[in-house]
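Number of protein chains: 2
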Amino acid sequence: MPVGNIAPPEVIHAIDGIEIGITAAGIRYKKRNDLVVFKLRDKAAVACVTTSNKCCAAPVLLVREHLSQLATSDNSVRYLLINTGNANAATGDEGYRRALQTCEALASKTEVAINQIMPFSTGVIGEVISSEAIINGLDACLANLSHDNWLAAANAIKTTDTIPKVASTQIEVSNGIRYQITGISKGAGMIRPNMATMLGYVATNAPIAKPLLQQILKELTNLSFNRITIDGDTSTNDCCVLIATGTDTANMIDTEHHPHYQAIYEALKKVFIRLATLIVRDGEGATKFITVKVSGGKTVEDCCDVAYAVAHSPLVKTAFFASDPNWGRIVAAVGYSGAKNLDANQVSVTLDDVAICTRGQLDPNYTEQQGQEVMSRPEITINIDLGTGEAKDTVYTCDLSHDYVSINADYRS
Amino acid sequence: MPVGNIAPPEVIHAIDGIEIGITAAGIRYKKRNDLVVFKLRDKAAVACVTTSNKCCAAPVLLVREHLSQLATSDNSVRYLLINTGNANAATGDEGYRRALQTCEALASKTEVAINQIMPFSTGVIGEVISSEAIINGLDACLANLSHDNWLAAANAIKTTDTIPKVASTQIEVSNGIRYQITGISKGAGMIRPNMATMLGYVATNAPIAKPLLQQILKELTNLSFNRITIDGDTSTNDCCVLIATGTDTANMIDTEHHPHYQAIYEALKKVFIRLATLIVRDGEGATKFITVKVSGGKTVEDCCDVAYAVAHSPLVKTAFFASDPNWGRIVAAVGYSGAKNLDANQVSVTLDDVAICTRGQLDPNYTEQQGQEVMSRPEITINIDLGTGEAKDTVYTCDLSHDYVSINADYRS
Chain A
65 MPVGNIAPPE VIHAIDGIEI GITAAGIRYK KRNDLVVFKL RDKAAVACVT TSNKCCAAPV
125 LLVREHLSQL ATSDNSVRYL LINTGNANAA TGDEGYRRAL QTCEALASKT EVAINQIMPF
185 STGVIGEVIS SEAIINGLDA CLANLSHDNW LAAANAIKTT DTIPKVASTQ IEVSNGIRYQ
245 ITGISKGAGM IRPNMATMLG YVATNAPIAK PLLQQILKEL TNLSFNRITI DGDTSTNDCC
305 VLIATGTDTA NMIDTEHHPH YQAIYEALKK VFIRLATLIV RDGEGATKFI TVKVSGGKTV
365 EDCCDVAYAV AHSPLVKTAF FASDPNWGRI VAAVGYSGAK NLDANQVSVT LDDVAICTRG
425 QLDPNYTEQQ GQEVMSRPEI TINIDLGTGE AKDTVYTCDL SHDYVSINAD YRS
Chain B
65 MPVGNIAPPE VIHAIDGIEI GITAAGIRYK KRNDLVVFKL RDKAAVACVT TSNKCCAAPV
125 LLVREHLSQL ATSDNSVRYL LINTGNANAA TGDEGYRRAL QTCEALASKT EVAINQIMPF
185 STGVIGEVIS SEAIINGLDA CLANLSHDNW LAAANAIKTT DTIPKVASTQ IEVSNGIRYQ
245 ITGISKGAGM IRPNMATMLG YVATNAPIAK PLLQQILKEL TNLSFNRITI DGDTSTNDCC
305 VLIATGTDTA NMIDTEHHPH YQAIYEALKK VFIRLATLIV RDGEGATKFI TVKVSGGKTV
365 EDCCDVAYAV AHSPLVKTAF FASDPNWGRI VAAVGYSGAK NLDANQVSVT LDDVAICTRG
425 QLDPNYTEQQ GQEVMSRPEI TINIDLGTGE AKDTVYTCDL SHDYVSINAD YRS
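So the protein sequences, as listed, match chains A and B. According to this note's numbering, the first sequence is numbered sequentially starting from 65. According to this note's numbering, the second sequence is numbered sequentially starting from 65.
In case anyone wonders, no lab produced these hints; they're calculated from the structure. There could be a bad hint or two in this list.
Derived DSS-like pairs (lysine-lysine); straight-line CA-CA distance at most 25 Å [what the hints assert, rightly or not]:
1) A/K456 x B/K118
2) B/K404 x B/K333
3) B/K404 x A/K282
4) A/K404 x B/K282
5) A/K362 x A/K404
6) A/K118 x B/K357
7) B/K357 x B/K334
8) B/K118 x A/K357
9) A/K274 x A/K333
10) A/K282 x A/K118
11) A/K118 x B/K404
12) A/K404 x B/K118
13) B/K357 x B/K404
14) A/K118 x B/K362
15) A/K282 x A/K333
16) B/K404 x B/K456
17) A/K362 x B/K118
Residues from chain B that face chain A, not an exhaustive set, calculated with beta carbons under 10 Å [said to hold, decoys possible]:
18) R393
19) Y400
20) D407
Computed from a prediction, not measured in an experiment: that's the story for all the values here. Here a beta-carbon is modelled for each residue, glycine too, at the ideal position from N, C-alpha and C.
Whenever a hint applies, use it, and build me the whole structure from the sequences.
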């Protein structure tokens, strides 16, 4: 059961210049939507980040190649082609050939260049993908193209996800100028920086210049998708795409000093963090949503090391599942985090507002009853003050439950 | 249920110069042995390695201080004082004071210097330890001293361990010169390099000079206790002690070139690896014993990174629990391991003798039936050939089962 507020937004804003088509192509399962095509307005700006996994999937290789080719061309990305059910990873040359075939087929049907197609796959690793199924599904996707298919697309890209993940907002940056932002994501296991078995697609009709768009995407993934962890596994297929379709050259946002920059950045940030934390809320077997806030570090790197060590620790995660205030496990994880500037006698830990460990030892006012009470909450913030400086960082995670084991032991996703 | 051959040796050799006393001191649980005293012959050589966790426990601090003081003195370590039930970690100055009190009490009763006592604790983190219980138990331990208490000591230092961990062997290094080696260890969760919630005590009556003994200990812990992982958590209390009680100066082993060196090194290595792999066999909730052998690496570091990534991956571990040959998860872990010299198209994986992935993709001869068969075995070796060089390394781990979650969620060890 996903944790907390996971409802899709009441209003999902269509994004001018983006149409989405969906079909059930039968790639792995029958009778469920598993193929999605995004059609982008010509000359839309597209930014993309991909997995750091060195055994990355065939479509990821193609995305990188195509983007690199487009960088020196006048052409822009015109279609995203996304399938679930098969990750087309660890499939070698055959996998690459099949991914390319699907791009060729879509390019031919839509009369664009092959490198204007970006393919994305998610699902089981190591099995040969049915490029035939994908190619046979293309006509249905193209016939189905619509501005209003965001929620349906969020459903169609799920694997072990139990909920569709959508965020949408609208801002007014100046008199009469309104921009919409809408995004979807997927992922529930194999979630760890950098990225995950994570796919994310966010689009806005704001006019943002491509170099700035890539910078924004990099910054925002570091504050969102790269700050979540479920099981510490980094997938072979992670990708996140940010699209800006705006054509209003008079209001083109091309530097951080543009009057509209801050507003659009903050709005995008909210959408990114929402899409990322929805993944944690839907973490495989999750029963608790945990925010690990580390402050007082000498460096951001130290804070990050500590936050990840705590967020990855199976002992910490099982204690949260059990609502057991076994805070010693948190301190132990801080200790082995590898953070460079660490003084055990300066470390303080609070769970929400309950001080548990103050400067390396049990807080004198702490009672087990307080600990039990706070641990029973479905959403808990672990605040760790390293007491050595001013840096801070935040990571989002969930607990480790019986259902995590069941989901990953009993099903091949 | 521990996995495979976990029986204690039929013969447990007493070690000349080592006596062990045990009692039920009521430190946490009533009516179970929880306090152990090792008495060492005067001038026995003692080597020790301790946890890399920066939030290490009070007794670890004392061990380091005492060893450092003894290094510039003529005195030797005379007593090890080991308790289970409470780790005396994250207990600040008060914990340090209490650990020191127990050393003072034992030193006073045995008329040795305080720094000739090495204290060790294991158990729950963050609770104030009852130094009174320990001190009250000392007389019973001293009255109980015997050469033959190794198995009883292995039982007395357990926490969530389900079996006592003992290894013992005897070698003849030349005509008529025989040496015995006996060791015990504990640990079942919070197991990861470097060390773990791991305690290990190995003794031999071979005469080994102290500097060489420390070098041997360092090398052997790297091949054994530092090559096992259960949950990736490094404990605050890990310590491993190697004692050489031999007094035969004519046969003193003081360099690697000594004629007896190789034989005693190999015998010690077997004992260390047995004590380490017993911990994995008894891993919390373990149903499978997994050896991760990485070969063909450009560097040992690369092999080690890959082996640990695979051994730590919750997705790999749950797949083994389920006997599901979901080998894509292994390849994904190889990919995110951080190994510097990695070519996805050169990676091959076999499970025991079954080739699954050859040069980055499914082996053409592999069948799902073969995969199912090999995965159903209780002991499995994952062979990963990186195809980039000659280096190799091995890590031992177990699967991740429902019982791991139960043990760590339901009990506070």
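Hints, verified against the model:
Note on A/K456 and B/K118: the hinted pairing holds, with a Cα-Cα distance of about 20 Å set against a maximum of 25 Å. Of the supplied pair hints, the one linking B/K404 and B/K333 is violated, its CA atoms being roughly 29 Å apart against a limit of 25 Å. Taking the CA atoms of B/K404 and A/K282, the gap is near 23 Å; set against the 25 Å cutoff, the hint holds. Annotation: proposed proximity of A/K404 to B/K282 holds, straight-line Cα distance about 23 Å (limit 25 Å).
Only pairs whose Cα atoms come within 25 Å are accepted, and A/K362 paired with A/K404 is accepted, the gap being roughly 9 Å. Distance restraint check for A/K118 and B/K357: the Cα-Cα separation of roughly 20 Å lies within the 25 Å cut-off, and the hinted pair is therefore satisfied. Distance check on the hinted pair: B/K357 and B/K334 sit about 18 Å apart at the alpha-carbon level, within 25 Å; holds. In summary, the hint linking B/K118 to A/K357 is supported, as the alpha carbons are separated by about 20 Å, within the 25 Å threshold.
Simply put, A/K274 and A/K333 have alpha-carbon atoms about 17 Å apart, close enough for the 25 Å limit, and the pair holds. Taking the CA atoms of A/K282 and A/K118, the gap is near 19 Å; set against the 25 Å cutoff, the hint holds. Between A/K118 and B/K404, the direct Cα distance comes to roughly 10 Å. Compliance with the 25 Å bound is thereby established for this hinted pair. Among the hinted pairs, A/K404 with B/K118 is consistent with the structure: their alpha-carbon atoms are about 10 Å apart, no more than 25 Å.
Distance restraint check for B/K357 and B/K404: the Cα-Cα separation of roughly 18 Å lies within the 25 Å cut-off, and the hinted pair is therefore satisfied. For the proposed pair A/K118 and B/K362, the alpha carbon gap of about 16 Å is at most 25 Å, so the pair holds. Note on A/K282 and A/K333: the hinted pairing holds, with a Cα-Cα distance of about 11 Å set against a maximum of 25 Å. Of the pairs offered as hints, the one joining B/K404 and B/K456 holds, with about 14 Å between alpha carbons and a cut-off of 25 Å not exceeded.
The hinted pair formed by A/K362 and B/K118 meets the criterion: a straight-line CA distance of about 16 Å does not exceed 25 Å. Against a cut-off of 10 Å between C-beta atoms, the interface hint on B/R393 holds, since the closest Cβ of chain A lies about 7 Å away. A cut of 10 Å between beta carbons decides the hint on B/Y400: the least distance to chain A is about 4 Å, and the hint holds. Below 10 Å, beta-carbon pairs count as interface contacts, and B/D407 has one with chain A at about 8 Å; its hint therefore holds.
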